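Student: Turn these sequences into a full structure, and let the hints steer you where they fit.
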Amino acid sequence: MIKNLFFAAGEGKHRVQLQATLTGEGIMISLFGGEKPHIGAVVLSIPRPSLADPGRLSCTSTVVPRLGHKDDEIAKPLAEQLAKASGQPVVVVAGLHVERAQAEDINLLAENSRQAMQQLLYNLNLI
Numbered sequence: 046m047i048k049n050l051f052f053a054a055g056e057g058k059h060r061v062q063l064q065a066t067l068t069g070e071g072i073m074i075s076l077f078g079g080e081k082p083h084i085g086a087v088v089l090s091i092p093r094p095s096l097a098d099p100g101r102l103s104c105t106s107t108v109v110p111r112l113g114h115k116d117d118e119i120a121k122p123l124a125e126q127l128a129k130a131s132g133q134p135v136v137v138v139a140g141l142h143v144e145r146a147q148a149e150d151i152n153l154l155a156e157n158s159r160q161a162m163q164q165l166l167y168n169l170n171l172i
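Every number in this note's numbering is 45 more than the matching position in the sequence shown, counting from 1.
Derived by calculation from the structure, the hints in this document are not laboratory data. Every value quoted in this text rests on a predicted model; they were computed, and no experiment measured them. Hints are supplied without guarantee of correctness; some may be wrong.
[As the list claims (entries may be wrong)] With a straight-line cut-off of 25 Å between C-alpha atoms, the simulated DSS-like cross-links for lysine-lysine are:
| id | residue 1 | residue 2 |
| --- | --- | --- |
| 1 | Lys81 | Lys58 |
| 2 | Lys121 | Lys48 |
| 3 | Lys129 | Lys81 |
| 4 | Lys58 | Lys121 |
| 5 | Lys115 | Lys129 |
| 6 | Lys121 | Lys81 |
| 7 | Lys48 | Lys129 |
| 8 | Lys115 | Lys58 |
[Stated by the list, open to error] The following label-pair restraints were derived from C-beta to C-beta distances:
| id | residue 1 | residue 2 | range |
| --- | --- | --- | --- |
| 9 | Thr105 | Leu50 | 42 to 50 Å |
| 10 | Tyr167 | Ile84 | 21 to 29 Å |
| 11 | Ala97 | Ile172 | 20 to 28 Å |
| 12 | Arg93 | Gln163 | 21 to 29 Å |
| 13 | Gln163 | Leu102 | 12 to 20 Å |
| 14 | Leu102 | Glu56 | 20 to 28 Å |
| 15 | Thr68 | Asn152 | 26 to 34 Å |
| 16 | Glu70 | Arg145 | 40 to 48 Å |
| 17 | Glu156 | Leu112 | 24 to 32 Å |
| 18 | Asn49 | Leu102 | 22 to 30 Å |
| 19 | Arg111 | Ala53 | 19 to 27 Å |
Note that the Cβ used here is the ideal one computed from N, Cα and C, for glycine as well.
Tutor: Below, the structure is given as structure tokens:
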């Protein structure tokens, strides 16, 4: 059975929306926000035993950024966090954009993305 969950964090041009689709055999995340939501990167994270400590989960991630975009810098850590916490494969499609973004804009988008992910993890009883 497929289940969709929606979360948001931030306001105005820094608002981020996260939609999670739970399939039972993996989780797909759509992470969009800013002034121009788009597809900027795709990340697939697959959990596996840690090479340093097989008792812990780590993951292997494949990152496909769109040319000239840096959305993967936000998407990859979130995909890996969710894959390790859930023990399931995770796909994150991300697109966050603020025109002429300054460091503060990027930091706010990243923080709001982390907050939306925390809401999901809490909802799934993973934290």
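Student: Determine for every hint whether it applies to the structure shown.
Tutor: Tested hints:
About 9 Å separates the Cα atoms of lysine 81 and lysine 58, which keeps this hinted pair within 25 Å; it holds. Restraint check: the Cα-Cα separation between lysine 121 and lysine 48 comes to about 23 Å, which is no more than 25 Å; the hinted pair holds. For a cut-off of 25 Å, the pair hint linking lysine 129 to lysine 81 is broken: about 30 Å separates their Cα positions. A C-alpha spacing of about 22 Å is found between lysine 58 and lysine 121, which places the hinted pair at or below 25 Å, so the restraint holds.
Distance hint between lysine 115 and lysine 129 is fulfilled; the C-alpha atoms sit about 23 Å from each other, no more than 25 Å. For the given pair, lysine 121 sits about 20 Å from lysine 81 by alpha-carbon distance, which is consistent with the 25 Å threshold. Among the hinted pairs, lysine 48 with lysine 129 is consistent with the structure: their alpha-carbon atoms are about 20 Å apart, no more than 25 Å. A hinted pair counts as satisfied when its Cα atoms are at most 25 Å apart, and lysine 115 with lysine 58 qualifies at roughly 17 Å.
A hinted range of 42 to 50 Å is violated for the C-beta pair threonine 105 and leucine 50, which are about 25 Å apart. Between tyrosine 167 and isoleucine 84 the Cβ separation comes to about 27 Å, which falls inside the hinted range of 21 to 29 Å. For the hinted restraint 20 to 28 Å between alanine 97 and isoleucine 172, the CB-CB distance of approximately 23 Å keeps it satisfied. Taking the beta carbon of each, arginine 93 and glutamine 163 are about 24 Å apart, inside 21 to 29 Å as hinted.
In this structure, glutamine 163 and leucine 102 meet the distance hint of 12 to 20 Å, their C-beta atoms being roughly 19 Å apart. Checked against the hint of 20 to 28 Å, the C-beta distance between leucine 102 and glutamate 56 comes to roughly 34 Å, which is inconsistent with it. Range check, threonine 68 to asparagine 152: about 32 Å between beta-carbon atoms, so the 26 to 34 Å window is met. Distance hint check: the CB atoms of glutamate 70 and arginine 145 are about 41 Å apart, consistent with the given range 40 to 48 Å.
Here the CB-CB span from glutamate 156 to leucine 112 is close to 26 Å, well matched to the stated 24 to 32 Å. Checked against the given bound of 22 to 30 Å, the beta carbons of asparagine 49 and leucine 102, roughly 25 Å apart, stay inside it. Between arginine 111 and alanine 53 the Cβ separation comes to about 23 Å, which falls inside the hinted range of 19 to 27 Å.
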